[in-house]
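Top line first, the protein sequences correspond to chains A and B. All letters in the first sequence, in the order written, are residues 1 to 384 by the numbering used here. All letters in the second sequence, in the order written, are residues 1 to 222 by the numbering used here.
In case anyone wonders, no lab produced these hints; they're calculated from the structure. Heads up, a few of these hints could be off.
Said to hold, decoys possible - Among the chain A residues that face chain B by a calculated CB cut under 10 Å, a handful are:
{"#": "1", "residue": "14"}
{"#": "2", "residue": "255"}
{"#": "3", "residue": "289"}
{"#": "4", "residue": "291"}
{"#": "5", "residue": "295"}
{"#": "6", "residue": "378"}
What the hints assert, rightly or not - No more than 25 Å apart at the CA atoms, straight line, and that leaves these computed lysine-lysine pairs for BS3-like:
{"#": "7", "chain 1": "A", "residue 1": "7", "chain 2": "A", "residue 2": "297"}
{"#": "8", "chain 1": "B", "residue 1": "11", "chain 2": "A", "residue 2": "302"}
{"#": "9", "chain 1": "B", "residue 1": "114", "chain 2": "B", "residue 2": "70"}
{"#": "10", "chain 1": "A", "residue 1": "100", "chain 2": "A", "residue 2": "81"}
{"#": "11", "chain 1": "A", "residue 1": "220", "chain 2": "A", "residue 2": "202"}
{"#": "12", "chain 1": "A", "residue 1": "196", "chain 2": "A", "residue 2": "69"}
{"#": "13", "chain 1": "A", "residue 1": "285", "chain 2": "B", "residue 2": "94"}
{"#": "14", "chain 1": "B", "residue 1": "70", "chain 2": "A", "residue 2": "285"}
{"#": "15", "chain 1": "A", "residue 1": "7", "chain 2": "B", "residue 2": "11"}
{"#": "16", "chain 1": "A", "residue 1": "69", "chain 2": "A", "residue 2": "285"}
{"#": "17", "chain 1": "B", "residue 1": "114", "chain 2": "B", "residue 2": "178"}
{"#": "18", "chain 1": "A", "residue 1": "81", "chain 2": "A", "residue 2": "69"}
{"#": "19", "chain 1": "A", "residue 1": "297", "chain 2": "B", "residue 2": "114"}
{"#": "20", "chain 1": "A", "residue 1": "149", "chain 2": "A", "residue 2": "220"}
{"#": "21", "chain 1": "B", "residue 1": "178", "chain 2": "A", "residue 2": "297"}
{"#": "22", "chain 1": "B", "residue 1": "178", "chain 2": "B", "residue 2": "94"}
{"#": "23", "chain 1": "A", "residue 1": "7", "chain 2": "A", "residue 2": "196"}
{"#": "24", "chain 1": "A", "residue 1": "220", "chain 2": "A", "residue 2": "75"}
{"#": "25", "chain 1": "A", "residue 1": "75", "chain 2": "A", "residue 2": "149"}
{"#": "26", "chain 1": "A", "residue 1": "81", "chain 2": "A", "residue 2": "7"}
{"#": "27", "chain 1": "A", "residue 1": "297", "chain 2": "B", "residue 2": "94"}
C-beta: ideal position from N, C-alpha, C; glycine also.
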Amino acid sequence: MTFELAKRNVRLHLFRSILAAIGIIIGVVAITSMGMLGGALEQSVSDELMNMGNSIIITPAGPSTGEQKAGIEEKDIRQIKLITGRHPTIAFYNTYDQIKVGDNRRYVSMYGVDPAELPSITTLVSGRYVSGTEGVMIGQSLARQYNLKEGNFITIGIGSREQRLRVVGILENTGFSGGIQTDNAVIGSERWYESKYGGRGKYDQVVITVEDLDEIDRIKDQIEARLNRREDVVNIMDFRAMISSIQDAIGQISLFVIAIGGISLLVAAVSILNVMLISVNERIKEIGILRSIGTQKGDISKMFLYEATILGLIGSICGGVMSLIGGGLLILLIMQDIKYLMTLNTVFTIIYGMCIGIAICIAAGVYPAHRAAQMNPIDALSND
Amino acid sequence: MEKCIRLEDVKRIYQMEAGDVYALNGVTLDIGVGDFVAIMGASGSGKTTLLNQIGCLDQPTSGNLFIEGKNTRELPDSEMTDLRRDAIGFIFQKFNLIPLLTAFENVEYPLILKTGARDSTGRPAELLRLVGLDGGHIHHTPNQLSGGQQQRVAIARALANDPRILLCDEPTGNLDSKTGQQIMDILTDLNGQGKTIVMVTHSDEIASFADRIITIRDGVIQ
Ligand SMILES: Nc1ncnc2c1ncn2[C@@H]1O[C@H](COP(=O)(O)OP(=O)(O)OP(=O)(O)O)[C@@H](O)[C@H]1O
Ligand SMILES: [Mg+2]
């Protein structure tokens with residue numbers, strides 16, 4: 001019956017109750033859509049980071065001097081490959097140089113890679129892979145910037161070292177990855193690179209793609225032991241520490257974003273508290289009647305807690321549904337990819353958001369309910 | 001005489017800024033089982049205050065109040081509440097029905113409080129018939145009923161849990177004399193069935209229904 005009374009009071013003061021519920025709706029929508037956005041952000045960054053998370057990068061330890069280029073030598077690479085075994089291991093040349101397309105110039109990464117290895121680490125968008133020294137490939141972003149297609153020519157190098165080359169293929173963006181980053185790069189064959197920049201047999205980087213993350217340490221240790229026994233020949237690094245710190249940062253950003261949502265929920269809580277206090281004040285006389293005919297304090301409390309719960313439930317359910325729509329729109333707008341909406345994370349975020357909404361309503365109801373219950377029946381009765 | 005209600009030097013003092021108000025100033029009173037007592041006195045003399053003490057709605061500032069042998073001073077709030085639910089029926093001057101509930105539900109409510117479930121015995125309708133209310137009226141909310149009808153609902157509600165004591169604060173104060181007469185007939189009837197009745201009234205005519213009249217002045221019984 002106390003539940004019935006709570007229900008009827010909500011219905012009787014429908015407008016006021018709706019306003020309070022709207023507060024909760026906004027709060028829940030804010031907190032969950034922010035949470036969903038944060039989660040999606042985390043997910044998309046993680047997807048990008050996954051590309052480099054399993055890479056070990058080996059670079060020469062010594063610096064290059066004017067006449068002597070530092071590099072990892074063939075014999076060292078053979079040693080490394082002995083250790084890595086089945087894990088794909090690729091050595092390549094890498095430098096920066098200027099390119100010119102029409103009147104536009106910019107500096108980009110130059111890669112020299114064994115053509116046989118290219119298909120395993122890159123994806124072709126159009127054209128074909130390089131084979132000999134007759135052409136180069138470029139990344140998708142670069143191609144888009146200068147509106148280049150396969151068959152177009154670009155000029156590489158400065159002054160007397162200028163060389164006009166045909167673009168034979170466009171490579172898909174790899175994004176931020178541990179090994180080759182094709183987005184804004186020119187990729188040619190090893191032989192072309194050696195003929196242009198020299199340094200034959202002195203590779204700038206070796207990338208090992210480790211299939212099982214747990215093996216990273218073993219492989220690193222073994223390479224360290226084999227190559228750097230007497231003096232440091234190579235630097236060996238991986239990205240696990242960096243990735244985890246990036247993920248921490250993203251986690252903090254999404255926490256911050258949720259906190260902003262939380263503030264609006266707090267505002268909603270205050271409005272529910274206000275509505276509940278009004279409801280108690282307005283019903284002092286009714287509380288007096290209920291008490292005078294033998295209703296226990298606890299039941300009076302319950303009546304107001306029910307009322308708050310009804311508001312919280314309605315608000316949170318509406319909020320949950322709306323945040324699915326709102327969060328979806330946000331994700332669509334910011335990431336242009338709806339796949340991040342339909343994740344387990346989204347479901348949990350919505351459920352969390354709704355639970356928090358309900359909990360806050362109940363919490364906001366506790367004080368008014370307590371106040372109502374503690375009222376002296378005779379004082380309550382004489383209130384008009 | 002079997003004791004039903006006993007007051008021993010009961011004082012009720014309201015502490016106000018302007019000074020203490022002695023609404024009850026040392027009331028000693030015995031009421032036996034089956035008595036029909038009328039309390040009379042001028043306005044502000046302390047009649048309602050006295051009735052509220054007996055009804056366990058308020059605690060005396062000092063002195064003792066026994067209901068059916070139990071000292072209310074020693075009862076926790078929950079037991080006082082149960083006493084109000086089971087042993088005492090209160091009929092207020094201003095009806096005090098629950099506005100959100102229909103007449104039927106108002107009468108059903110104390111039953112639900114006691115049994116924890118909605119009524120299936122038909123007792124609320126039976127009680128409403130007893131006080132002269134039936135038909136469509138029983139599904140109206142209080143604000144859709146006349147004063148007399150509301151008072152009948154209030155009496156039916158007071159009787160819901162078959163209390164042994166009925167307390168009435170000017171039960172006919174807001175009613176015309178004909179309706180008042182009908183209400184008094186009902187109360188007389190109930191007293192005949194053995195219920196102890198304590199009734200506050202201003203009217204000598206109404207007081208004449210009682211077996212015993214107590215007059216109070218400035219919080220003291222004359
Ligand atoms: N809540 C209160 N606070 C302060 N004083 C009160 C309170 N209730 C009653 N009084 C005072 O106690 C005295 C007795 O009041 P009570 O209501 O018992 O009078 P009454 O005899 O019922 O009067 P009436 O015939 O007008 O109903 C009055 O002087 C009144 O002003
Ligand atoms: Mg009075």
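Status of each hint after checking the structure:
At about 13 Å, the closest approach between the beta carbon of residue 14(A) and any beta carbon in chain B exceeds 10 Å, and the interface hint on this residue is violated. A distance limit of 10 Å between C-beta atoms decides the matter here; for residue 255(A) the minimum to chain B is near 44 Å, and the interface restraint is violated. The criterion of a C-beta within 10 Å of any C-beta in chain B is met by residue 289(A), whose closest approach is roughly 5 Å, and the hint holds. Restraint check, residue 291(A) versus chain B: the minimum CB separation of about 7 Å is within 10 Å; hint holds.
With a cut of 10 Å, the hint placing residue 295(A) at the interface with chain B holds, because the nearest CB-to-CB distance is about 6 Å. Interface hint status for residue 378(A): upheld, as the beta-carbon distance to the closest one in chain B is roughly 4 Å, under 10 Å. With a CA separation close to 19 Å, the supplied pair residue 7(A) and residue 297(A) stays within the 25 Å bound. With a C-alpha separation of about 34 Å, the suggested pairing of residue 11(B) with residue 302(A) is violated against the 25 Å cut-off.
Under the criterion of a C-alpha separation no larger than 25 Å, the hint pairing residue 114(B) with residue 70(B) is consistent with the structure, at around 20 Å. A hinted pair counts as satisfied when its Cα atoms are at most 25 Å apart, and residue 100(A) with residue 81(A) does not qualify at roughly 37 Å. Of the pairs offered as hints, the one joining residue 220(A) and residue 202(A) holds, with about 21 Å between alpha carbons and a cut-off of 25 Å not exceeded. Among the hinted pairs, residue 196(A) with residue 69(A) is consistent with the structure: their alpha-carbon atoms are about 14 Å apart, no more than 25 Å.
For the given pair, residue 285(A) sits about 11 Å from residue 94(B) by alpha-carbon distance, which is consistent with the 25 Å threshold. Of the supplied pair hints, the one linking residue 70(B) and residue 285(A) is violated, its CA atoms being roughly 28 Å apart against a limit of 25 Å. The straight-line distance between the Cα atoms of residue 7(A) and residue 11(B) is roughly 41 Å, outside the 25 Å bound, and the hint therefore fails. A C-alpha spacing of about 93 Å is found between residue 69(A) and residue 285(A), which places the hinted pair above 25 Å, so the restraint is violated.
For the hint pairing residue 114(B) with residue 178(B), the CA-to-CA distance comes to about 34 Å; that exceeds 25 Å, so the pair is violated. Taking the CA atoms of residue 81(A) and residue 69(A), the gap is near 23 Å; set against the 25 Å cutoff, the hint holds. At roughly 15 Å between alpha-carbon atoms, residue 297(A) and residue 114(B) fall within 25 Å of each other, so this suggested pair holds. For the suggested pair residue 149(A) and residue 220(A), the alpha carbons sit about 40 Å apart, so the restraint of at most 25 Å is broken.
Restraint check for residue 178(B) and residue 297(A): not satisfied, since their Cα atoms lie roughly 39 Å apart, outside the 25 Å limit. Between residue 178(B) and residue 94(B) the CA atoms are separated by roughly 18 Å; this keeps the pair inside 25 Å, and the hint holds. Proximity of residue 7(A) to residue 196(A) is assessed by CA-CA distance (about 83 Å); at most 25 Å being required, the pair is judged violated. Proposed proximity of residue 220(A) and residue 75(A) is supported: the alpha carbons are some 18 Å apart, at most 25 Å.
Between the alpha carbons of residue 75(A) and residue 149(A) the distance comes to roughly 38 Å, so the proposed pair goes past 25 Å and is violated. Distance hint between residue 81(A) and residue 7(A) is unfulfilled; the C-alpha atoms sit about 74 Å from each other, more than 25 Å. As the CA atoms of residue 297(A) and residue 94(B) are separated by approximately 23 Å, the hinted pair is consistent with the 25 Å bound.
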